[in-house]
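Visitor: Sequence:
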Amino acid sequence: MGMWDLAALCSEAAQQDIRKKTTQIYLEDDSIDADLLNSIAVTMDDFKWALSQSNPSALRETMVEVLQVNIRTLEDSMR
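Just so you know, we're using UniProt numbering here: the sequence shown kicks off at 1 and counts up by one.
Hints listed in this document are in silico derivations from the structure and should not be mistaken for laboratory results. One or more of the hints may lead you astray.
[What the hints assert, rightly or not] List time: in silico EDC-like cross-link candidates among lysine to aspartate or glutamate, alpha-carbon distance up to 20 Å:
1. Lys-20 with Asp-45
2. Lys-21 with Asp-45
3. Lys-48 with Asp-5
4. Lys-48 with Asp-35
5. Lys-21 with Asp-5
[Unchecked claim] So the derived label-pair ranges between C-beta atoms look like this:
6. Leu-37 with Gln-68: 40 to 46 Å
7. Asn-55 with Ile-18: 19 to 25 Å
8. Val-69 with Ser-31: 58 to 64 Å
9. Glu-65 with Leu-36: 44 to 50 Å
10. Gly-2 with Val-69: 31 to 37 Å
We treat Cβ as the ideally placed atom computed from N, Cα and C, and that holds for glycine.
Take the sequences, apply the hints, and build the full model.
Guide: Put into structure tokens, the structure is as follows:
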């Protein structure tokens, strides 16, 4: 897990705590209430939830190529 993955995980965990505390979020607002920000307390459950939702960059960039290989024994090669 890279530095940016860790930052995204922390951000998602904090957002999960905010979601638990608010019933409605106004997307038009450019700011969040200061009392709400001061009350953020991220728990291990928030981190576990965020981890279950994450897609680490190392997994996104992995490609697997399966090669067709014909394995013969010495006896097969002599025929």
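Visitor: Confirm or reject each hint.
Guide: Comparing the hints with the structure gives:
no.	hint	in the structure
1	Lys-20 with Asp-45	holds (12 Å)
2	Lys-21 with Asp-45	holds (14 Å)
3	Lys-48 with Asp-5	holds (14 Å)
4	Lys-48 with Asp-35	violated (25 Å)
5	Lys-21 with Asp-5	violated (25 Å)
6	Leu-37 with Gln-68: 40 to 46 Å	violated (57 Å)
7	Asn-55 with Ile-18: 19 to 25 Å	holds (21 Å)
8	Val-69 with Ser-31: 58 to 64 Å	holds (60 Å)
9	Glu-65 with Leu-36: 44 to 50 Å	holds (49 Å)
10	Gly-2 with Val-69: 31 to 37 Å	holds (34 Å)
Checked against the numbered hints above, the structure violates hints 4, 5, 6; every other hint is satisfied.
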